Every structure is written in C-alpha cells, then in structure tokens.
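Participant: For the record, the sequence lines run as chains A and B. Per our numbering: the first sequence ends with 121, consecutive numbering throughout. Per our numbering: the second sequence ends with 428, consecutive numbering throughout.
Take every hint as true, because none was put in to throw you off.
Calculated cross-link-like contacts (lysine-lysine; reagent style DSBU-like; alpha-carbon spacing at most 35 Å): (1) B:Lys314 / B:Lys427; (2) B:Lys73 / A:Lys48; (3) A:Lys59 / B:Lys309; (4) B:Lys265 / B:Lys219; (5) A:Lys98 / B:Lys410; (6) B:Lys184 / B:Lys314; (7) B:Lys73 / A:Lys4; (8) A:Lys4 / B:Lys410; (9) B:Lys410 / A:Lys59; (10) B:Lys184 / B:Lys309; (11) B:Lys309 / B:Lys92.
It should be emphasised that the hints constitute simulated quantities derived from the structure, not laboratory data. This one's a predicted model, so the numbers in the text were calculated from it and none came from an experiment.
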Amino acid sequence: MKYTEEHEWLLPEGDVVIVGITTHAAEQLGDVVFIELPEVGTEITKDEEIVVIESVKAASDILAPMDGEIVEVNTALEANPSAVNDDAEGEAWFFKMKPADPSEMDNLMDAAAYQAFIG
Amino acid sequence: MGDLAVTPLYDLHLELGAKMVPFAGYSMPVQYSAGVMKEHLHTRTQAGLFDVSHMGQVWIDGPSWESVALGFETLVPQDVLGLQDGRQRYGFFTNDAGGIEDDLMFARRGDRLFVVVNAACKHQDIARMKTGLPSDLVVTEVTDRALVALQGPKAENVLGVFHPKISETRFMDVFDVSVLGHTVWVSRSGYTGEDGFELSMPSDAATLICKALLADDAVEAIGLGARDSLRLEAGLCLYGHDINATTTPVEAGLKWAIQKSRRNAGSRAGGFPGSDTVLAQMDGNSIRTRIGLLPEGRAPMREGVALFATETSDTELGQVTSGGFGPSVQAPIAVGYVSSDHATIGQTLFGEVRGKRLPVTVTEMPFIPHTFKR
Chain A
3 MKYTEEHEWL
13 LPEGDVVIVG
23 ITTHAAEQLG
33 DVVFIELPEV
43 GTEITKDEEI
53 VVIESVKAAS
63 DILAPMDGEI
73 VEVNTALEAN
83 PSAVNDDAEG
93 EAWFFKMKPA
103 DPSEMDNLMD
113 AAAYQAFIG
Chain B
55 MGDLAVTPLY
65 DLHLELGAKM
75 VPFAGYSMPV
85 QYSAGVMKEH
95 LHTRTQAGLF
105 DVSHMGQVWI
115 DGPSWESVAL
125 GFETLVPQDV
135 LGLQDGRQRY
145 GFFTNDAGGI
155 EDDLMFARRG
165 DRLFVVVNAA
175 CKHQDIARMK
185 TGLPSDLVVT
195 EVTDRALVAL
205 QGPKAENVLG
215 VFHPKISETR
225 FMDVFDVSVL
235 GHTVWVSRSG
245 YTGEDGFELS
255 MPSDAATLIC
265 KALLADDAVE
275 AIGLGARDSL
285 RLEAGLCLYG
295 HDINATTTPV
305 EAGLKWAIQK
315 SRRNAGSRAG
325 GFPGSDTVLA
335 QMDGNSIRTR
345 IGLLPEGRAP
355 MREGVALFAT
365 ETSDTELGQV
375 TSGGFGPSVQ
385 APIAVGYVSS
395 DHATIGQTLF
405 GEVRGKRLPV
415 TVTEMPFIPH
425 TFKR
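Put together the whole structure using the sequences plus the hints.
Facilitator: Quick look at the structure:
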C-alpha cells in the first residue's frame, strides 16, 4: 500500500491500482454524506479533481494521484457514503485506475512515511 | 488560544474531548468524539447539552414595566407591553430600511426585561440598546453567568430532578430553578425544534451543574456542528446567513413574530425602525421570500448555491443561505431566498452545484416537526 500527501491510499492489483482515502482523512472529514465518482473510461491527469466528497461539515475534492484511466468505480459508495467512515481503507475504495506510468507509484509514501507525515 | 475568548465551560469541553474552533471571537466546541451526525440524532431522541455562553445576556431595568416595555418596543416590532410576567418571546432588532440587525429572545421577569442576543452581534446590540433606549432605562450586560441549552425529548425528565413541577411549565415560560444550591434562570425554549430549556447559571458553578446534568445517561454534550444541523431541520433562521441587515422580517417569513398590536390598525402600530417598509410589506407582498428546499439527489446544496427556474435560464432567482445534510431527514436540505413568484410549495427549481444544475423542490418548513410543549 502506498500513500499520497492528499491522504489517498493506492493498492496495486495486477496492472490496475485501487484508490481510496485513508482512515485518518475520513476521521478529519467527519460523517460522509455524499460522494460523486468519475465515469469509467475517464482519462485523468495527476492533481485533477476527480471525486467530490461531502461530509456534514463541508465539501472536499479528491485529486487524481497519477495520470491514467479510470477502469472501475465503487458505485455502492454513492448509495452508502457512510461506508467511508466505517471502512475507509477496505470496502470503501473509490475507483480503480490504470496508471499511464506504473513506476510513478515508487515516488509515493509507504506506510511508515505516511504515518510520519500525519504525525 | 490567541485572541479568542473562552466560556466558563472551556476546560469541561477539553475534558469531554471536544474539537474546538473559533466562533464569534470565542473558542467553541464544534463537535465531541461522537461526531456531528450522532450528536444530532442523540438530541432528537434523548437530550443534548449545548454551551451557548458566547451569546449575550442583558437586563433592561427602568422605573416601571410600562417604561421598559414601551422603550424596548421602539427598537423591535414585537408586542413587549403585552408580555405576561414569566413569559418569553422571539424578536429582532430592525434598521431604518426594515432589515434585521439581529434576532433575539426577550423575557419578562417582574418589571425587568431579560434579553438574549447572538454572540457575533452582542457588542453592537448592547450599544444599540444603550444609545437607542430612553434615558431612564438601564442596560446591563450579564458577564458572570454561563448559558447552556438542554434540548431533546428527555430534557424535561433530566431537569425535573431539580424542579418537581417542571411538567407544569410550557414553551416560552421563564422561571428560576435551584440546582445544587445555585439559582438557574430557566426558559423553556431553545433553537433545535425540540422541547427543551435554556439555562443561565453562575459562571463559577457552571462546570458543576453541567457535570450533574451530563451524569444522566440521557444527556450528551453537543457541539456547534449539530446545533446548526438541528436548527436547519427546524427551519429556524441563522443570523448572518438566513437573515441579515438587508432581509426584512416579511421576506424572511417571520411575520408571525410581529404581533397584532404592532401591525397596521394595531393599538401600537409601527414605531420601530423601518416600520413603514415592514408594515407595507405585511399588507402587500415582498419581492423575495425565504423558502425551504429539498434537493432531489444526494448532493448537499450549501450557502451560496445559485437558484434558477430552469436548467438553462440565465436569470438567477436567488441563493441558498443555509444548507447541508439533515441527519434526521436523512437527505440534503437547504434554505434560501428566491423571487416571490417562484416560491410556490411543490415547485421545482434548479440549484447550480459545481457547474451542474440539479433539481430541487420548494418545500414547507420546518423539515422536521417541532415538538415544543405548548
């Protein structure tokens, strides 16, 4: 598992990468009430806003962690956004993407580095 | 906390695991460990304890009740003179244009008037009263008492431990209760849509009293986050958002708070700032109206979302002034202003969220029925 400074986790699965937000991020957001996911097939560019997530407090954007293409989205999440608060790093993944350059994963933080990052 | 003021309950908030945020110059609890959603639902089903000590508490004294009441009537469109001893009313200060300068609660205690105003407006409100009221009235800010709200269906049972005749009181009654030897000024009111009480207590006893209330299994401490979602579901106005110096009481749907005696043909009609404008609107129509809105999808529509008649119309009808997710409604809810010809209940409008026009239905408020003990 790798992590971004935007509090996303990335888990490689074959030639695709599963992306979600960390438990730490979910705690900071508070109760999640709305999620809007990108469409399958969307070409995405690193740092582009691709997911909208709203908690009872505020709206936030989730940024694309790398260049690539969306190959699957977790549509169950749109009907049950609170899953993010229950299991952010498991069941509540957001989307699967095929990275343009899989080696970009190497530049991301590992668990120890992310733990240090959030303090 | 830098320049931020703290309430007498600050240490208790930290002890209870509150997340503190700056609000109206105070460091206030926005939520505790349970989070906004659980705190909200707990208040609707059990009882919630809210620190609202940042709000202003003010006494107005004068030579007689008549002088106090008629003096206060020069600043507000409410019937003050007709208020019975031990009763409270909702009201607001108006300006010369008929806009609302702040909303407030006022209560008659004998010949005195006790006024509670919003934290963000309290300094200007006190200045307004000191300069605007007749010179024989004395305005005194209460600075040695905390103010907390105990709200929810179990609130009566909880406070009943200290006041055996609590069930004989009703919505908007004000009375004293002795709690652990301290005199608490109680009003049966609040701002959640639930039955409940607001309790003004000596600052140095506030932590003790609040801990005694929290010792009841039904009571949890509730932060400002849930206070906002509770009042939004109850269709109650948040000053500075749903009402402000440019919105009139008629536009805001607050006609009900202007009693007959102050309306045209009333015994003391007008005589408050902006009364010509407000009373003309009472008899006719206002150009815009505050409405409730139910977004059809799951996307919340927050303050600032522009409202349109159709998916393509270029003409903005108005904006959302408060909005979010209603934990008890289990759906997004919003309040906003639109031109009055688009304010019909059941009408579909469109709110622009992140560049997309999403359908929203004009609906009656409150979103959740009030449970006041009238």
